[in-house]
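Undergrad: Sequence:
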Amino acid sequence: MSDHAVLHVTGRVLVGPDDVRDELWVVGGRVTYRRPATVDVRTVRGWALPGLVDAHCHVGLDRHGAVDEATSEKQALTDRDAGTLLIRDAGSAADTRWIDDREDLPRIIRAGRHIARTRRYIRNYAHEIEPEDLVAYVAREARRGDGWVKLVGDWIDREVGDLAACWPRGAVEAAIAEAHRLGARVTAHCFAEDSLRDLVEAGIDCIEHATGLTEDLIPLFAERGVAIVPTLVNIATFPQLAAGGESKFPRWSDHMRRLHERRYDTVRSAWDAGIPVYVGTDAGGSLPHGLVAAEVAELVKAGLPAVDALSATTWRARDWLGRPGLEEGAPADLVVYESDPRADVRVLAAPSAVVMRGRVVG
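So the sequence shown is numbered by the UniProt record's numbering: it starts at 1 and just counts up by one.
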């Protein structure tokens, strides 16, 4: 489509779960609901949604650490072609700022680089530091990121032989306060139970994975409005991880299996209590990119209503991240499907058109 052409999206436009319109137009790369005076029009038909959101993704990272730009580009293109047009990059050792200059790649909201305790996370991923340096590193990543900072809240402690919290209460209180002072929100990787209360009472904004969320903690999360991003497609790998560590860390392996077994109950209980739940795939470590549809389907399997699982990757997710959807004048980032995704979220796996910045790119 040429730069001056107008795009006409017709069929059903899901501006919101209950705000359904017959058409929209794209003029100058932006959404409008006013018919333009032009004859140079390309028409796309189907069910249109705001570009999907993957709120836990790692462009620029693989299982070994940072990757080159060519690999990062492939990762971003894979996400884009799956309909993911907005990514919250939940920690990356690579500099992916160059992606911001590409009109054909997803928009990325960065959390900077992971901040972990020394020798308590995946090699080559994080700044590995001790508690006395936590505030300084949080300030550094808050300034480098796009309004988010990512902590590693727990990881296996080899001396204990199980998952254990990484930071003392005072350190996380000071670090989160500093991030908030600088205008950044804070999230944390947490598999287990014992780091959660300190992080939430210290003022954290979000917890990644949250498999350790228990009945006694759910009211605290709900009261404080702390969101979770369950990454269920990643939690599905826990049995395999547990089997691999069984001989060396049997206590950890058993713990990982128990967290996996109750994963759906955990997410449904959180949702029932009013805890905000968002879609994230954890792609870019050991998982491939482009799994957003599978994660939405997992949330439905956990018991979320289909429309709410869909909202967790569209309307509600964009509101949470402070990015527009399909309102008048918004950048035209949208995905089109052949049938209503509210009726069956599995259609998300097969977009018929992907539009970025007003151009059909996939």
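Everything labelled a hint here was simulated from the structure, so no lab data went into it. Given the structure is predicted, the values throughout are model-derived calculations rather than measurements. No residue lacks a Cβ here, since even glycine has one placed at the ideal position from N, Cα and C. Hints may be right or wrong, so weigh each one.
[Unchecked claim] With beta-carbon atoms standing in for the labels, derived distance ranges:
id: 1; residue 1: Arg262; residue 2: Ala5; range: 18 to 28 Å
id: 2; residue 1: Ser247; residue 2: Arg119; range: 34 to 44 Å
id: 3; residue 1: Asp95; residue 2: Tyr33; range: 54 to 64 Å
id: 4; residue 1: Asp344; residue 2: Asp133; range: 21 to 31 Å
id: 5; residue 1: Lys74; residue 2: Leu182; range: 45 to 55 Å
id: 6; residue 1: Arg30; residue 2: Ser247; range: 38 to 48 Å
id: 7; residue 1: Arg30; residue 2: Glu130; range: 29 to 39 Å
id: 8; residue 1: Glu159; residue 2: Gly329; range: 52 to 62 Å
id: 9; residue 1: Arg197; residue 2: Pro288; range: 33 to 43 Å
id: 10; residue 1: Glu338; residue 2: Pro219; range: 25 to 35 Å
id: 11; residue 1: Arg181; residue 2: Arg30; range: 10 to 20 Å
id: 12; residue 1: Arg119; residue 2: Ala236; range: 34 to 44 Å
Undergrad: For a quick check of understanding: which of the numbered hints are violated here, in increasing order?
TA: 1, 2, 3, 4, 5, 6, 7, 10, 11, 12
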